[in-house]
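J.: What follows is each chain in one-letter form.
There are 2 protein chains.
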Amino acid sequence: MRLSRYFLPVTKETPADAQIVSHKLMLRAGLVRQTAAGIYAWLPLGQRVLKKIEQIVREEQDRAGAVELLMPTLQSAELWRQSGRYDAYGPEMLRIRDRHDRDMLYGPTNEEMITQIFLGNVKSYRDLPRILYHIQWKFRDEVRPRFGVMRGREFLMKDAYSFDLDEAGGRHSYNRMFVAYLNTFARMGLRAIPMQADTGPIGGDLSHEFIILAPSGESEVFYHSNWEKAPELSAVDFDDVAGLQSIVDGYTADYAATDEKRDADREAAAGEALRQSRGVEVGHIFFFGTKYSGSMGMSVQTKDGTNVYPQMGSYGVGVSRLMGAIIEASHDDAGIIWPESVAPYKVGLVNMRVDDAACSAAADDLYRKLESAGVETLYDDRDERGGAKFATMDVIGLPWQLIIGPKGLEKGVVELKRRATGEREELSIDSALKRLGAA
Amino acid sequence: MRLSRYFLPVTKETPADAQIVSHKLMLRAGLVRQTAAGIYAWLPLGQRVLKKIEQIVREEQDRAGAVELLMPTLQSAELWRQSGRYDAYGPEMLRIRDRHDRDMLYGPTNEEMITQIFLGNVKSYRDLPRILYHIQWKFRDEVRPRFGVMRGREFLMKDAYSFDLDEAGGRHSYNRMFVAYLNTFARMGLRAIPMQADTGPIGGDLSHEFIILAPSGESEVFYHSNWEKAPELSAVDFDDVAGLQSIVDGYTADYAATDEKRDADREAAAGEALRQSRGVEVGHIFFFGTKYSGSMGMSVQTKDGTNVYPQMGSYGVGVSRLMGAIIEASHDDAGIIWPESVAPYKVGLVNMRVDDAACSAAADDLYRKLESAGVETLYDDRDERGGAKFATMDVIGLPWQLIIGPKGLEKGVVELKRRATGEREELSIDSALKRLGAA
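Heads up: the sequence lines are chains C and L, in that order.
In this note's numbering, each residue carries its 1-based index in the first sequence increased by 1263.
In this note's numbering, each residue carries its 1-based index in the second sequence increased by 1263.
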């Protein structure tokens, strides 16, 4: 993409209402603009990052055996009256009345709807187990939206729902999502710590929050220092019941708990290794048994002809919130440092002298070569000073900057800068293309 | 995807409330389920088709030089009061009040918001021209939702907005979208006819509706028989102002008009070649000049230091409605016939005898080979009768059916059926893989 044809309103000022670094940087780097309290528009660069995060979430859900569908944003109140949650849910539910005076709501979550859609369309044990998920906008009418997209009102969430014939099956589905979540966050360069958590209004017994350590986090968390190791992917056969359980057991062996679930004995056992920090919740998983299938009267027939209410769980990832969490975890004074997996572009190509014919010809040629090799490139071909171009590239945080100037070209070299470390290197055009995977 | 792990509730019955063929088939083929009046959940197969349609729309917008962003679904009423449309828009606007008693609405379109986002963040002529688009859920509170997703209340729309410094530039942006739309619909196998149209509440002078001929269409349309030719793609340089204008002139030379815009003289000139039909609107483009930039007081500075209100246009494609339109245009008595470009899977692999070890081994092996070659395959590995499996494959309408049975395997052959024509052919496994692009 040529910057001369893009829309990237980078700003130098730090907006007064932005308190945390991710919020400041998302505004400064032209990723988002607020359009109403807690409601954001995703500008072109932000939209690209959102799609990358969404796609990683999708791939890991698919790998774990979940099936994607898409439920609407608006729901009928009638559905929530069946489960009893319409009255129980507080003022965070955005209640709407349509032109025919029917009560509706903007979905904050989808347990009732998926139960009706799935159990209303299957009849027998042969259609279970299943995990279904969707990635859709939700709305929670926060009384005081803040921290940018971290606590917005309209937000993008991946929510999955599992249906099993018995509790053991339900536990396996829970484990599938547990491991899928660890892999999802690891692919974004995040160490997410699964912590025993309260189940809140969703209900149920078994629940973990996945928490990213960040000083700006809203939760107080306590954990064993073993959790400080770098994130890693689990290569796993999701159909292997015992194998998956042992992976989950391994991950939960080290102490980690939110403020509400602290355990004095385990903290004493951790001793010197106990750590305290603040954290941001990026995922939350629940097993709640027959709470919805039972209250909504939706059963399936077993092999021997009796009826059972399926065991269910639900599994959420805050897709839009993750963008803030990633920036909290990966930035410096100059701006964002995107992990390559979610970077909006891999390379920022900087033409230092648009008015120099040879320089522009070389930069244009590099741009064509990078693009045709499928290397996602943002090409700064604007007539601006070099300093402004460097500042833009630093704040938007693409992994690589490739700088083309007349002096280097005379010597036959270009400059390649790695954003994360600041390392700069002069090398030939061919070597630069090779380094970036375009030759 | 293995059907034994999927969620595909195919039904034999035709629902009583479904009047048109696309609505019937979308329910029968398990693409959607209605969750409230005019609001649909997209089941896994429907979600896949929706993503394919969306992706074609996206690629053609990008090719035409438009830049993607993403605006939220909910908007503040304040924004619409600035343009004067809050009071002017009728009961189709879903008005919402949040917990702080602020007036909000579920966006039916985004002229005001994009004007604020774009013109509020750029200052000078150097930032224009631009076309920005997003693909987002909209809501219009239809008094009588019907025809399934063709006239739903919550629907997915691509809406683009152009900003130019003068009318000639605005006309060129309009032409970009005009040609992008023809290419978009052609890639889905649809002949869309651009017809002079009324501008309605959006305002402005220049407007075309893109209409697909279908007996169930809501609009009465009149056109020259030259429009009956097959759809074709325009290979075009979108930056070539004169070249693009001549393509648009070529397309608009043949008479085509909706009921409101009929022209007696041109109909008389068409003579015997005049056709009358019904049609479905799948796109609508408008040029409306300074209507929003002016009413919202958003100007940019020109090269000579004066201020001008940018010339704007808006350009909509009904992404979710297109699924219905494609089915209206492509089906038979047995079910849907998906064009390959939007088919949820390319191949339906049918294992005729799950209880036959050799047959299952061969089918499993074929499935693995197709998947690893990137050929999207839906594998019917369920323990069902062959008749039920064939009926399922026919109604869901994948382009190819690959049928594996014990008798054929003894002879070393499998059967390949082309859904569109019903042609069946026995061939070796290797030839079948080659035919499907997997060898």
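These are computed hints drawn from the structure, not numbers from a lab.
Incorrect hints may have been included.
The list cannot tell twin chains apart, which means a pair is met if one copy fits it or any two copies do.
Below are the EDC-like pairs computed for lysine to aspartate or glutamate, each with C-alpha atoms no more than 20 angstroms apart in a straight line [unchecked claim]:
1) K1314 with E1331
2) K1566 with E1647
3) K1632 with E1678
4) K1670 with D1693
5) K1524 with D1502
J.: How would you classify K1632 and E1678 at a CA-CA limit of 20 angstroms: within, between, both, or neither?
T.: within (17 angstroms within a copy, 44 angstroms between copies)
J.: Regarding K1314 and E1331, is the shortest C-alpha distance of 20 angstroms or less found within a copy, between copies, in both, or in neither?
T.: both (16 angstroms within a copy, 11 angstroms between copies)
J.: If the cutoff is 20 angstroms on CA atoms, where do K1524 and D1502 land: within, between, both or neither? Let me know, please.
T.: Neither: 31 angstroms inside a copy, 61 angstroms across copies.
J.: Cα distance capped at 20 angstroms. Does K1670 pair with D1693 within a copy, between copies, both, or neither?
T.: within (17 angstroms within a copy, 57 angstroms between copies)
J.: Within, between, both or neither: how does the pair K1566, E1647 come out at a Cα-Cα threshold of 20 angstroms?
T.: between (72 angstroms within a copy, 16 angstroms between copies)
Of the numbered hints given earlier, the model fails hint 5 alone.
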